[in-house]
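*Asks:* Each chain, written out:
Protein chains: 2
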Amino acid sequence: MAVQTVASTTDSAAGTSVDLGPAAALSCRECGHRVPLGPVFACEECFGPLEIAYDFSAYDTEELRKRIEAGPANIWRYAPLLPVPADVATKPNLNPGWTKLVKADNLARELGVDAGKLFVKDDSGNPTHSFKDRVVAQALEAARAFGFTTLSCSSTGNLAGAVGAAAARAGFRSCVFIPHDLEQGKVVMAAVYGGELVGIEGNYDDVNRFCSELIGDPAGEGWGFVNVNLRPYYAEGSKTLAYEICEQLGWQLPDQIVVPIASGSQLTKIDKGLQELIKLGLVEDRPYKIFGAQAEGCSPVSTAYKAGHDVVRPQKPNTIAKSLAIGNPADGPYVLDIARRTGGAVEDVTDEQVVDAIKLLARTEGIFAETAGGVTVGVTRKLLESGALDPSLTTVVLNTGDGLKTLDAVAGTGLTATIRPSLDSFREAGLA
Amino acid sequence: MAVQTVASTTDSAAGTSVDLGPAAALSCRECGHRVPLGPVFACEECFGPLEIAYDFSAYDTEELRKRIEAGPANIWRYAPLLPVPADVATKPNLNPGWTKLVKADNLARELGVDAGKLFVKDDSGNPTHSFKDRVVAQALEAARAFGFTTLSCSSTGNLAGAVGAAAARAGFRSCVFIPHDLEQGKVVMAAVYGGELVGIEGNYDDVNRFCSELIGDPAGEGWGFVNVNLRPYYAEGSKTLAYEICEQLGWQLPDQIVVPIASGSQLTKIDKGLQELIKLGLVEDRPYKIFGAQAEGCSPVSTAYKAGHDVVRPQKPNTIAKSLAIGNPADGPYVLDIARRTGGAVEDVTDEQVVDAIKLLARTEGIFAETAGGVTVGVTRKLLESGALDPSLTTVVLNTGDGLKTLDAVAGTGLTATIRPSLDSFREAGLA
Chain W
1 MAVQTVASTT DSAAGTSVDL GPAAALSCRE CGHRVPLGPV FACEECFGPL
51 EIAYDFSAYD TEELRKRIEA GPANIWRYAP LLPVPADVAT KPNLNPGWTK
101 LVKADNLARE LGVDAGKLFV KDDSGNPTHS FKDRVVAQAL EAARAFGFTT
151 LSCSSTGNLA GAVGAAAARA GFRSCVFIPH DLEQGKVVMA AVYGGELVGI
201 EGNYDDVNRF CSELIGDPAG EGWGFVNVNL RPYYAEGSKT LAYEICEQLG
251 WQLPDQIVVP IASGSQLTKI DKGLQELIKL GLVEDRPYKI FGAQAEGCSP
301 VSTAYKAGHD VVRPQKPNTI AKSLAIGNPA DGPYVLDIAR RTGGAVEDVT
351 DEQVVDAIKL LARTEGIFAE TAGGVTVGVT RKLLESGALD PSLTTVVLNT
401 GDGLKTLDAV AGTGLTATIR PSLDSFREAG LA
Chain H
1 MAVQTVASTT DSAAGTSVDL GPAAALSCRE CGHRVPLGPV FACEECFGPL
51 EIAYDFSAYD TEELRKRIEA GPANIWRYAP LLPVPADVAT KPNLNPGWTK
101 LVKADNLARE LGVDAGKLFV KDDSGNPTHS FKDRVVAQAL EAARAFGFTT
151 LSCSSTGNLA GAVGAAAARA GFRSCVFIPH DLEQGKVVMA AVYGGELVGI
201 EGNYDDVNRF CSELIGDPAG EGWGFVNVNL RPYYAEGSKT LAYEICEQLG
251 WQLPDQIVVP IASGSQLTKI DKGLQELIKL GLVEDRPYKI FGAQAEGCSP
301 VSTAYKAGHD VVRPQKPNTI AKSLAIGNPA DGPYVLDIAR RTGGAVEDVT
351 DEQVVDAIKL LARTEGIFAE TAGGVTVGVT RKLLESGALD PSLTTVVLNT
401 GDGLKTLDAV AGTGLTATIR PSLDSFREAG LA
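If you read the sequences in order, they're chains W and H.
Going by the UniProt record's numbering, the first sequence opens with residue 1, and the numbers climb by one from there.
Going by the UniProt record's numbering, the second sequence opens with residue 1, and the numbers climb by one from there.
Calculated from the structure, these hints are not laboratory results.
No residue lacks a Cβ here, since even glycine has one placed at the ideal position from N, Cα and C.
Any given hint might turn out to be false.
In silico negatives: residues of chain H with every beta carbon more than 12 Å from chain W [to be verified]:
| hint | residue |
| --- | --- |
| 1 | A58 |
| 2 | Y59 |
| 3 | A86 |
| 4 | N126 |
| 5 | K186 |
| 6 | K272 |
| 7 | A304 |
| 8 | P317 |
| 9 | R341 |
| 10 | E352 |
Quick list of simulated restraints, FRET-style, between CB atoms [claimed, not checked]:
| hint | chain 1 | residue 1 | chain 2 | residue 2 | range |
| --- | --- | --- | --- | --- | --- |
| 11 | H | S422 | W | A411 | 32 to 40 Å |
| 12 | H | K316 | W | D408 | 27 to 35 Å |
| 13 | H | D205 | W | S392 | 47 to 55 Å |
| 14 | H | A115 | W | P287 | 49 to 57 Å |
| 15 | W | E213 | H | E69 | 46 to 54 Å |
| 16 | W | P287 | H | K91 | 32 to 40 Å |
| 17 | W | R67 | H | D205 | 28 to 36 Å |
| 18 | H | A73 | W | N203 | 41 to 49 Å |
| 19 | H | S392 | W | G147 | 48 to 56 Å |
| 20 | W | G116 | H | N203 | 39 to 47 Å |
| 21 | H | G308 | W | R67 | 37 to 45 Å |
| 22 | W | G147 | H | E69 | 38 to 46 Å |
| 23 | W | A411 | H | G216 | 32 to 40 Å |
| 24 | W | T61 | H | E63 | 29 to 37 Å |
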């Protein structure tokens with residue numbers, strides 16, 4: 001199948017016959033124009049982003065709840081709400097999700113949050129230790145449905161590993177594009193799964209531009225780029241964070257939720273997921289607030305939020321939180337909408353605050369977060385201090401990655417003492 | 001409470017009143033001598049290792065099965081079979097376990113195992129990404145029961161992180177002892193949880209000797225060394241691997257199971273767990289074979305196995321599989337017994353074969369294993385080639401750790417191509 005970027009309503013080849021469960025069509029987020037399901041991501045009318053439109057009309061609330069609760073301990077318990085076939089759990093994939101929602105009473109005490117009210121959704125428990133496994137798993141099912149045989153992406157880190165691992169398990173060829181001068185550790189992590197790992201002579205923008213070119217070329221035929229031509233499907237994976245949080249809270253909405261912002265897609269899909277649960281009657285309809293978290297060194301959305309702007313001015317990233325370092329976030333305006341509509345906010349923290357927050361989370365809850373988790377915990381602290389977050393309400397903070405992947409951030413951490421192997425030396429060091 | 005190494009039957013202070021669920025006493029593995037539950041690990045009669053004796057007499061098989069299946073998605077679903085209080089799931093801990101049992105059909109194809117018969121038990125999904133979270137969680141409950149306030153261990157890697165994280169979550173002080181010249185990455189991983197991390201001027205043997213000295217000294221009062229004075233409790237955590245494997249196979253014993261050997265404790269406790277399930281009627285009683293896996297550079301048990309010896313001669317370790325590098329494995333003789341009794345074997349592989357096996361598992365199943373996982377997969381391949389493993393039987397291979405912690409082992413892995421950001425360059429590289 002030839003790859004295309006813009007859908008046409010007259011294009012039936014794009015897959016009216018594909019079985020992606022409740023996914024009924026693609027719908028433009030800007031103008032509402034609908035097109036059949038296919039490997040396209042931009043509206044032919046207005047070039048707005050396409051997203052999945054569902055048909056949930058057949059669901060009975062209590063039957064659905066029972067079906068979910070009887071499902072597997074991974075994202076496929078929510079298959080009835082995702083763009084995947086009903087038998088998805090039987091297909092080879094990494095089965096991500098159903099990660100721990102940790103009641104963080106020690107952290108709550110340090111931050112002045114009421115006991116029992118603060119939770120960390122710890123996505124480091126996913127198969128490749130980041131939330132990217134959730135979104136790649138959706139893209140993989142779309143790739144299967146559209147007959148693609150190669151799974152691809154541009155990446156500088158977590159996504160490369162998630163795509164490589166998912167393709168390996170599912171029997172796809174994978175070809176991941178990264179800047180040629182990436183840190184050796186990240187290259188190893190992406191290369192170990194045995195797919196093609198191609199270094200592009202240039203920066204991440206050059207990598208992205210090349211990928212867009214490849215999608216439009218015959219050489220890209222049969223290629224599913226998870227975060228480009230499969231993006232509408234891919235992005236839906238973030239809804240599962242919302243589903244899991246609510247189910248793990250006993251089918252309750254959280255009052256407040258703190259989400260990291262890279263492209264902004266995750267935050268918008270968490271909002272979409274919460275709205276779906278409300279409409280389906282799976283949770284009670286009551287207000288919730290969504291807060292966005294950025295690093296100061298890449299804070300285009302929080303800058304716009306604080307300035308009261310509706311548009312997001314691109315920035316050149318300079319922060320240790322590299323998994324969030326998207327200077328021109330595609331979903332930035334939608335994030336601003338959601339933060340303002342729900343009564344949330346968007347805030348940023350310095351790299352120093354990120355490191356402090358990583359250490360704070362580790363020493364209070366035993367969770368070693370990636371820099372992105374340092375950003376959300378740091379922003380949570382800042383928003384509590386400013387009064388934007390209410391310490392008496394149920395609050396969920398996302399940790400979307402794993403500290404083992406960003407060891408450099410806490411490289412200053414080390415031995416608290418060095419002693420000789422003797423009790424005298426032990427006592428002299430004041431350890432007794 | 002004063003810490004002691006050897007129990008006395010007349011010592012009631014050691015805790016006849018402690019509530020550790022079905023744990024009834026400590027029993028010597030060598031002579032069967034029983035003493036009350038307490039922080040002791042060696043028999044006063046014969047200096048044999050003490051292990052937990054349970055009272056499971058009150059359990060009805062079907063009620064127990066239902067209770068387990070209705071339990072949480074972590075090791076505490078098996079609380080009725082562990083030395084922990086019944087309300088353990090309500091106490092702050094890392095809630096490890098219930099990791100994925102991956103049907104490894106791609107790996108099976110490569111190794112010549114029948115489709116649907118090969119499984120990888122992937123313990124990299126634990127909170128600190130190794131099976132050590134299972135054992136530390138048991139030691140933590142014992143530490144609580146005995147009134148300890150400091151959690152401690154000697155370690156060169158996985159255990160340090162598991163103890164640091166568990167202590168942080170549970171509100172214990174932690175003090176971890178490591179050789180002072182450990183690799184910086186490992187130091188960071190252990191230090192981030194904020195406990196005391198003490199470098200000992202000496203090698204790992206010196207660290208261990210110092211810890212034993214500290215346990216006998218007043219300075220060690222109130223200290224629970226998870227792998228020394230709490231070892232009988234700690235070791236029981238490995239039983240949960242056996243429980244999970246059988247439950248995940250639909251309450252069936254595996255025919256063959258391949259287990260890494262460090263001290264050998266894990267293998268012996270997996271056997272104990274399988275035997276318990278048989279006695280409790282939770283699985284059908286039929287033969288199973290347990291295979292032990294070592295790295296050639298530290299293969300005291302496989303050397304003894306192959307030579308037909310009952311005793312294990314210590315070796316000086318020299319292998320990249322550092323988490324298995326125990327040259328004088330305490331449970332070596334028991335491992336030999338079990339391998340011979342069940343019709344299994346003990347085998348070893350070279351470091352080169354370990355690396356090959358890590359890559360094989362990654363490219364077939366998307367699982368990035370620690371070197372210990374490379375050892376088990378490599379040994380599985382070798383045992384299939386020799387005919388010791390039957391490719392038509394249900395076989396479970398353990399991956400007990402995470403590749404992110406032993407990146408150096410696959411540091412040679414890298415880019416498959418480097419190109420300019422152009423389609424011409426892409427085609428020239430033969431990637432189209």
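*Asks:* Against this structure, judge whether each hint is valid.
*Replies:* Status of the hints after comparison with the structure:
Even its closest Cβ contact with chain W, about 29 Å, leaves A58(H) beyond 12 Å, as expected for a residue assigned away from the interface. Every C-beta of chain W lies more than 12 Å from that of Y59(H), the closest at about 25 Å, which supports listing it as non-interface. Distance check for A86(H) against chain W: the nearest CB is about 20 Å away, which clears 12 Å, and the non-interface claim stands. Distance check for N126(H) against chain W: the nearest CB is about 8 Å away, which does not clear 12 Å, and the non-interface claim fails.
The beta carbon of K186(H) is not kept farther than 12 Å from every beta carbon of chain W, the shortest such distance being approximately 10 Å. K272(H), annotated as away from the interface, keeps every beta carbon of chain W farther than 12 Å; the closest lies near 26 Å. Every CB of chain W lies more than 12 Å from the CB of A304(H), the least distance being 30 Å, so the non-interface label holds. The claim that P317(H) lies off the interface holds: its Cβ sits roughly 19 Å from the closest Cβ of chain W, which is beyond the 12 Å cut-off.
Once the 12 Å rule is applied to beta carbons, R341(H) is consistent with being away from chain W; the minimum gap is 34 Å. Residue-level check passed: E352(H) sits 16 Å from the nearest beta carbon of chain W, beyond 12 Å. Between S422(H) and A411(W) the beta carbon distance is about 37 Å. The supplied range of 32 to 40 Å therefore holds. The beta-carbon spacing between K316(H) and D408(W), approximately 33 Å, falls within the hinted interval of 27 to 35 Å.
In this structure the hint that D205(H) and S392(W) lie 47 to 55 Å apart at CB holds, the actual value being about 53 Å. Between A115(H) and P287(W) the CB atoms are about 52 Å apart, so this pair conforms to the stated range of 49 to 57 Å. Between E213(W) and E69(H) the C-beta distance comes to about 53 Å, which sits within the given range of 46 to 54 Å. Here the CB-CB span from P287(W) to K91(H) is close to 33 Å, well matched to the stated 32 to 40 Å.
Roughly 56 Å separates the CB atoms of R67(W) and D205(H), a value that falls outside the hinted 28 to 36 Å. In this structure the hint that A73(H) and N203(W) lie 41 to 49 Å apart at CB holds, the actual value being about 42 Å. In this structure the hint that S392(H) and G147(W) lie 48 to 56 Å apart at CB is violated, the actual value being about 34 Å. For the pair G116(W) and N203(H), the beta carbons lie near 46 Å from each other, so the given range of 39 to 47 Å is met.
For the pair G308(H) and R67(W), the supplied restraint of 37 to 45 Å is violated, since their beta-carbon distance comes to about 56 Å. Under the hint 38 to 46 Å, the C-beta atoms of G147(W) and E69(H), about 39 Å apart, fit the expected range. Hint check: A411(W) to G216(H), Cβ distance near 37 Å, so the stated range 32 to 40 Å holds. For T61(W) paired with E63(H), a C-beta distance near 32 Å keeps the hint of 29 to 37 Å intact.
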